[in-house]
Amino acid sequence: MSASGPSDDLLVKVEDLHAYYGKSHVLHGVSLTVGRGEVVALIGRNGVGKSTTLKGIMGLVMARQGRVLFEDKPIAGMPAHRLARLGIAYVPEDRRIFRLLTVLENLRTGLDRSGMTTTRRQALLDKVFGYFPRLAERRDQAGGTLSGGEQQMLAIARAMMLEPKIILLDEPTEGLMPRMVSQIKEIIDALHREGVAILLVEQNVPLTLECSQRVYFMEKGEVRHHARASELSVNDPVIHQYLGV
Amino acid sequence: MALNGVDFEIQPGEVRAIIGPNGAGKSTFFNCLTGVRHPSSGRIVFDGVDITGLPPDRISQRGIARSYQITNILPNVTALENVRIAAQSRRHAWNMLRHHGAFRDLLDEAAAALQAVGLLNKAEELASNLSHGEQRNLEIGIALATKPKLLCLDEPTAGMSAAETRDTMELVQRIAKNLTILIVEHDMPLVMELAHRITVFHYGEVIADGTPEDIQRNPRVQEVYLKT
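Top to bottom, those sequences are chains A and B.
Each residue of the first sequence is one higher than the last, beginning at 1 in this note's numbering.
Each residue of the second sequence is one higher than the last, beginning at 1001 in this note's numbering.
Isolated chain B, as found in the complex (with noise of 0.2 Å):
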């Protein structure tokens, strides 16, 4: 069993971060909320509506929006494309067989995305030959594309320098003014800045929940961290 009864609020606009050890369930959670795995039992309502065992592009279309632990970007196109691709599944199945010349807003739409993960200046550019960690947000501005109202966050600084981290770190806080944003990350001093609450996962469960100031103290979290 990989997740038990986990019980699970998000407001709008919030920016919410998920921690836990290794096999907490913190992506389990994440592939149940975005379709990728369906629950055997329970509900996730999104907005207002039940979207338990939406397939994921179903999911997609309700706005929750994700990114991937391992970078999952078309590298054999432009950074370009790949955000326009993304922007185009919000048009109706159909239009997806028109060239895209034919939606001339899309490209704009696309630019924007790119624009807001700061690399509107590698537009043209493969997305093959974006360093590791512009790569990792492109996949940022793939979901930003798709115009989500919630946009999920697993490990977006994995495999990334000091100084790589600290910049998606500000990036990540650009776009937290405008969606509500769950994240799923390791490094601690960037969660603590970032999020306005914690949601920590213990052996697929929910061991406690909080500010950033109520989880520091919670004595049960620290001990599951340092194994006491």
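Extracted from the complex, chain A is given alone in its bound form (with noise of 0.2 Å):
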């Protein structure tokens, strides 16, 4: 390991984490933390089990070993309202859009809680819509009559309507055109500006380089190396060992 988090804010932390795939045995010991407001990144081939760590964290896995700590409380075996009440956003990588509900109602999904008000309502759909202005054009649409790019953005979008301390974002720019790309690149950097933290599984060497501090490399369903962003270049070895071929 040759960086570390900040441990003095740390607001998740992964320990040890061992999962299975029914016998399959893919997370080995996954340890990991971010801390309040960070863009971390969890990098890797397919497989290695990056999607799976994350489902860890929202207890979508069943982890057999170790734990995962929030905000220094253990949050295993919490159902998904609890977390999600706690601060902790999931967007899959499949996204998850109700495809039969309009834009507009989607983001309600997240709004309509207790503890809201009118105001704060319309103030946290101003704002998604200031990020995503085609969601304000299209906000009577059904979300299955959305492009890739454009349900890749509700999805977002959605999360953020909990106002969570954390998103875990899974491959948001998997087969997205670059137009595309470089929108959730500003998404992630305005989200950082607002002191959300982002756990980022991604494949996109250069916008996870760009968006996030540290980042995580993972193989065979265990962390082998972790680095601070800025450290890191596209030509660097440990890039290529990890992602190249």
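Derived from the structure by calculation, the hints contain no laboratory data.
Even for Gly, the Cβ is constructed at its ideal location relative to N, Cα and C.
Check before you lean on any hint, since a few could be wrong.
Not the full set, but computed from the structure, chain B residues with beta-carbon under 10 Å of chain A [to be verified]:
1. Gly1013
2. Thr1071
3. Leu1120
4. Gly1159
5. Gln1222
Derived coverage of chain B by chain A (criterion: at least 3 residues anywhere in the stretch with Cβ under 8 Å from a Cβ of chain A; other residues may be distant) [stated by the list, open to error]:
6. 1131-1140
7. 1160-1168
8. 1177-1183
9. 1207-1221
Reassemble the complex: the two chains are provided individually, in unrelated frames, and hints are given to aid placement.
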């Protein structure tokens, strides 16, 4: 480990996480940390356990061993709605847009919760529509009719409705056109400026290095390397080893 | 469109790896080769015979076997039964109705296939009791029991630990001596060590084809992998 996260202000701590799909042992003791407001990337090839690590944090796969702490409290076994209330939002790789609900209705699934005033609701909506003008234009259109890139924006916007402390973002640029990729980058930067932490799973190296402060490299269900993004370049041998050919 | 104008040739005895990012069309290509999907246009010729559009069982009879990305075995019978049934599929269709005891040599063939994948000592074990790595190797044994000329392996080390991966790699190297092998795999060190040649898919097209050294030197391939 060549770098360590800010231990004084830890938001998420994953310790020695082991997980299985059936008999297949897919996480072999993953440990990582995300500081408050920090953008941390998890990179590696297909099938190395990046998405499973996010699912482990969300309780979508059961950890057989190890633990996940959020603000120093264990969150293992908590249902998704409680994690959401704690401030953890999750944008899965397949986005999970409600296809038959309109854009606005999709957003309201995160917005209509206790303690929200009309003014706050409106302010939040105005904010995401400011970030994603396309969604404002299409607010009454069914989610399923949006393009892939627009659905990705909607999934991120819906997560933002929770005003989360952290967003777990699983391959947001997968399959998107370059123009959309730069929009995703802009939104990650904007969230970072607002102080939202992000745990980003990506395979797009330039985007990852530009957006994040620290990078964990995964291989075969383990974190094998860890570095500050500022110490890495696209041509770095480490990048080549874990992602290149 | 999942595959777009793919031209591909493989020589007898070759070990060829197919690589490419998610959604490149690698599994779809396997599905076309093995009759699980039919190409909307184009032709597939195997061993001099046009097999385009043949169903999977007929393609298997012609000598193409495959393992799947997700383990595909009969969990409730023994390891030996799993490979024995595959071996029996090589006999005349009517013979499927006869008791396997009528074909003593079948059990020898099945045992040989288990031996080849290092599972002979687990022959009487229920397949469901095998470890994940053993189940993956059993699947290769099932494919071998059909006596293929071409063996297609779709991510044989998926979900394996580093140690299991090493074992499976040695297994593939052993069986490669008598077979033509086509392998989809993400583990690059493994691919580089195993393959004679590598074909790189991207968005359904072949973007590069060559020796491991050629592919490692190819700037377009690095670009596609690092998304630069």
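Violated hints, by number in ascending order, as checked against the structure:
As far as the earlier hints go, 1, 3, 8 are violated by this structure, in ascending order.
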